[in-house]
Amino acid sequence: MYVLLLLPLTQVAAKDLHDAKGDSSRLLLPVHVKGVRYPGFYTGYKFLSLDSSAIQNHQLGNLSDVLAQNSNVFVKSYGPGMLSTPGFRGGNANHTAILWNGFNLQSALNGQTDLALIPSFLLESAVVQYGSQAVLYGSGNIGGAVHLQTDMETPKLQFLVGGGSFGTYALGLKSSEQLKKLFLVQKLYAQQAENNFTYYEEDLLQPYSVQTANAGIKQRATHARMNTVAWLQEYQYAWNIKHQSSLRTWVQLNNREIPQALQTPATNATQNDRNVKLMFDHKYKVASNEIQGRFGYFHEELTYEDALNGKSESESDMQVLYLDYFKQFERSKWQVSGMAQHVQAGVNAIKTAEQFNRQQYRMALFSSYQWTWFNTKLQQQISGRQEWVDGEAIPFTPAYGFSLYLHKYLAVYGNVARSYRLPSFNDLYWPQMGNINLLPEQGWNEELSLQWKKVKKQTTLNFTATGYNKNIQNWIVWVPKGSGLSTPMNVYKVWSRGIELTWLYQLKKGNFTYTADGLHEYNRATNEASQLLNDASIGKQLIYTPRLQHRAGIAVHYKKSSIRLQYSYTGLRFVSSDELNWLAPYKLFGFGLNQKIHVLKYTANLVFTCNNLFNTHYQIMVNRPMPLFNYQLTLNIQL
Amino acid sequence: MVDRLHLLIGFCLVLFWSACDKAPQTTPMVISGTDSNAYGFFICNEGNFNWGNASLSFYHEGSKKFFADVYKPNNNKTLGDVLQSMEIIDSTAYLVVNNSGKIEMINPYTFKSKGNISGFTSPRYLLKVGPNKAYVSDLYEDAVWVVNLDLKQISGKISIGKWTEGMAINGNEVYVCGRNSYYIYKINCITDQLTDSLNVGYGAQDAGIDSEGKLWILTYGSSISSPRLLRINVQNFSIEKTYFFAAGTTPSRLNFSKNRSTLYWLNNGIWKHQCTDELLPAGPIVSASGRNFYGLGIHHEKGEIYASDAKDFVQKSEVYRFNSNGEELGKFLTGINTGYFYNRP
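The listed protein sequences correspond, in order, to chains A and B. If you read the first sequence in the numbering used here, its first letter stands for residue 1, the second for the next number, and so on. If you read the second sequence in the numbering used here, its first letter stands for residue 1001, the second for the next number, and so on.
Some clues are possibly wrong.
Unchecked claim - Simulated pairs of lysine-lysine, DSS-like, Cα-Cα distance not exceeding 30 angstroms:
id: 1; chain 1: A; residue 1: LYS540; chain 2: B; residue 2: LYS1331
id: 2; chain 1: A; residue 1: LYS333; chain 2: A; residue 2: LYS283
id: 3; chain 1: A; residue 1: LYS242; chain 2: A; residue 2: LYS181
id: 4; chain 1: A; residue 1: LYS540; chain 2: B; residue 2: LYS1186
id: 5; chain 1: A; residue 1: LYS218; chain 2: B; residue 2: LYS1077
id: 6; chain 1: B; residue 1: LYS1331; chain 2: A; residue 2: LYS493
id: 7; chain 1: A; residue 1: LYS540; chain 2: B; residue 2: LYS1077
id: 8; chain 1: A; residue 1: LYS311; chain 2: B; residue 2: LYS1157
id: 9; chain 1: A; residue 1: LYS481; chain 2: B; residue 2: LYS1241
id: 10; chain 1: A; residue 1: LYS218; chain 2: B; residue 2: LYS1022
id: 11; chain 1: A; residue 1: LYS481; chain 2: B; residue 2: LYS1272
id: 12; chain 1: A; residue 1: LYS481; chain 2: B; residue 2: LYS1302
id: 13; chain 1: B; residue 1: LYS1186; chain 2: B; residue 2: LYS1133
id: 14; chain 1: B; residue 1: LYS1302; chain 2: B; residue 2: LYS1064
Stated by the list, open to error - Footprint (simulated), chain A over chain B, 3 or more residues, beta carbon under 8 angstroms:
id: 15; segment: 1098-1108
id: 16; segment: 1290-1302
id: 17; segment: 1305-1314
FYI, nobody ran anything at the bench for these hints, they're computed from the structure. Since the model is a prediction, treat every value here as computed from it, not as a measurement. Ideal Cβ positions, reconstructed from N, Cα and C, are used throughout, including at glycine.
Chain A on its own, in the form it takes in the complex (with noise of 0.2 angstroms):
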């Protein structure tokens, strides 16, 4: 379901990959990932590849519920459909940056990303990268990245009809036409959901959760319907050999009904988002030497209502101009880019009267080195970037990465980063709340990975163990400030720590292909110092990070058929920062059923997937109630 993309597996055959190839699982050379900007400078890295495959299996949801299952980014959301963010390694949704061909979709008001606003079937397939990238990309990459691949590669013309659980009807069409040197990709995707999704009405809020009038009694969710459409262009031009220029747009519409909290009354709330996202980029290649220039637009708009407060808008828009060179020499390659980026950004709070609109002006140097010695077995990196920030310079960004195969099967690989999160909007200019004198979040990364990795014939073993290190200060608290208000400070000095181990197993016997797999996380994510007097929260868990997570799924292949069970424990989440309230974990199974059908010269892909099938009861945010048993049925034509 899930791909190690670890690091210089050159001794792996391309053979072997290629016969793994159309399994749940693929291993790919790391020249192959795809939807990596910068591909070939990420020495030292862990990456996990989420595949079509897993892709597949949620075609009627978003990004949000492809990593929850398949990865351990965990993921905080609200119920389905709902608002979801991301977070690893410790890390929140400011510190987890989404990527789209290189542009970081964090939202310039919260530094945030809605996963629920990326529709899985608008995707190829999605990369997590591991650790900071803070280098290539800048602010709000401290615990990782998630890369989404939107490919060129995509059928002729493919259709999708799709349904599940809770009133959820979808409809999508990808097609691709190459016109001589033109190549362009067409995508449609609208869905309808009344969400009215089951759950048990229940006090999960630990140390002394209580039943509550309702326990046992099974609700739906009311208030709680939401659409989606989604368009998404890519055109790409060939001028000749030498220059190739592209351009992609993704326009999306949301609207959702926000169902209350337990315990707290309906007040009828609605949020709309409108985005537009917009591409151009031109690449110029001649023998050993590149140069890419790149254009992003982004505009987001987002009206939020409800009975009580009335309307609420914002409104950014953002543009970047990146220009990038690349010099490939005998063993080793050098990169250098520069980046502008204005932001402009604003909220009006109408029945509050909370108004502010600002704008922010960023420049950027990096440029990354690496080289191989030892006939390749040690590959080096290293990297640097000086940013500014409104004409204010924010501390110099170093990085270092390495990479060396011990023994055929036997890699270790690992870096150490600067990072940093610049202070979002909403921080720094929230009506009489925000703080214009906030500093950046910033610190050091640390991660070392040992990877073993045996390919045969028939059998394929993969382990990689890895071991992190964080520290980042400055960390960013809202604060009471009186009356009522509060205020964003640099509170905290964060340690975050842990180990990450990954494994699969495949083995091929006929026709039949076996594949088990699993990812296990243990993570210390501490608050080590603060500005804060007597701060209970010294040496204790932050708030909604959990310190264990496993995902385990096993599947078996046969001819045109998979079935695949899927397993994932989410350990204990501390809700307060002295570690007195809890959420307890929980466990989820479910399977996907996939079968390919072929009828002329037409592949039909059925796909039938079951979540949580034992009726887990279960929140990850307090008072947002999870769904029961629930399932998708998916139709895939492609022609």
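Given chain A, work out where chain B should sit, using these hints.
Same frame as chain A, now just chain B:
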């Protein structure tokens, strides 16, 4: 064979780790409800917005024990979302649960639930205005609710047009703060009619009557209206004295001493002011010194000052005890976001 061994090890790891994320062991301290009529001190912990983790703490003078939550263990149910304030009238404590839109009623000695009054939008404070009659201010309703305490239900609503906040009563007149306006409003509590209003500067939040029968109002101000403390003559409903705070400061939580001759409030520290003083004090009697003071209360029997430090909003507040001169006497942990204190008679 070796490959299969690794697979087995992998599955063992899953099973082992799945079982090892243990929760901390804690036991709730439950106070038996009928043990004493001794004086006590209630502490309202708001909890977090939408988390449903409001709690009611109680300091029992008889046993000198502190109980972090007397509602949930005694009633086996959650109190609700955001416990804003409380009031005891006769033998009932009224707990104003803001974001649950209700007022929960309990016996103030046994802590057992006596039901609730629902139908509010976002209730803030309750004030007794007559026999079996109370007013309830509301954040979003732009009105003051009239509540029949006998029938335990809302009996009416007085439209104000603004967020209503702190209230004070003098005779048959009730003074209501308009939190997002420049005004306080006067209501006749016999007729339930809005009779007058007075411009006090933006953001009136707290109100109280002193020993001389003067009305005191604390505003939190805006970018164009400095926060201020006002003394108002209720006879002619006019401002007698205005004390201005520095722009950008955020005074809050106006409290009175038991004899109602001394005022206390928070403003990056704890401030004390005699009602007869001509000027605001030069400095606080307690500096914040890294603490985020959020709630303030006065222990009427001891004359002690209680101030809560809400810290980062997501951990138990720490309540500091000071004597009336601001000397620290001790501190203890309460619940999340302690905002309101109430003396049980």
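Status of each hint after checking the structure:
For the hint linking LYS540(A) to LYS1331(B), the alpha-carbon distance of about 21 angstroms falls within 30 angstroms, and the restraint holds. A C-alpha spacing of about 17 angstroms is found between LYS333(A) and LYS283(A), which places the hinted pair at or below 30 angstroms, so the restraint holds. Under the criterion of a C-alpha separation no larger than 30 angstroms, the hint pairing LYS242(A) with LYS181(A) is consistent with the structure, at around 13 angstroms. Taking the CA atoms of LYS540(A) and LYS1186(B), the gap is about 49 angstroms. The hint is violated against a cut of 30 angstroms.
Among the hinted pairs, LYS218(A) with LYS1077(B) is consistent with the structure: their alpha-carbon atoms are about 18 angstroms apart, no more than 30 angstroms. The straight-line distance between the Cα atoms of LYS1331(B) and LYS493(A) is roughly 25 angstroms, inside the 30 angstroms bound, and the hint therefore holds. Annotation: proposed proximity of LYS540(A) to LYS1077(B) holds, straight-line Cα distance about 28 angstroms (limit 30 angstroms). Using a Cα cut-off of 30 angstroms, the hinted pair LYS311(A) and LYS1157(B) holds, with the two alpha carbons roughly 25 angstroms apart.
A distance of roughly 26 angstroms separates the Cα atoms of LYS481(A) and LYS1241(B); the hinted pair therefore holds under the 30 angstroms criterion. A hinted pair counts as satisfied when its Cα atoms are at most 30 angstroms apart, and LYS218(A) with LYS1022(B) qualifies at roughly 28 angstroms. Pair hint LYS481(A) plus LYS1272(B) holds up; C-alpha atoms about 19 angstroms apart against a cutoff of 30 angstroms. Taking the CA atoms of LYS481(A) and LYS1302(B), the gap is near 28 angstroms; set against the 30 angstroms cutoff, the hint holds.
The hinted pair formed by LYS1186(B) and LYS1133(B) meets the criterion: a straight-line CA distance of about 17 angstroms does not exceed 30 angstroms. Our distance criterion of 30 angstroms between C-alpha atoms is met by LYS1302(B) and LYS1064(B), whose separation comes to about 14 angstroms. Counting residues of the segment 1098-1108 of chain B whose C-beta lies closer than 8 angstroms to any C-beta of chain A gives 3; at least three are required, and the coverage claim holds. Counting residues of the segment 1290-1302 of chain B whose beta-carbon sits less than 8 angstroms from any beta-carbon of chain A gives 5, enough to reach three: the coverage restraint holds.
For a cut-off of 8 angstroms, the count of residues in the segment 1305-1314 of chain B with a CB near a CB of chain A stands at 6, and the three-residue condition holds.
Consistency note: the structure conflicts with earlier hint 4 alone.
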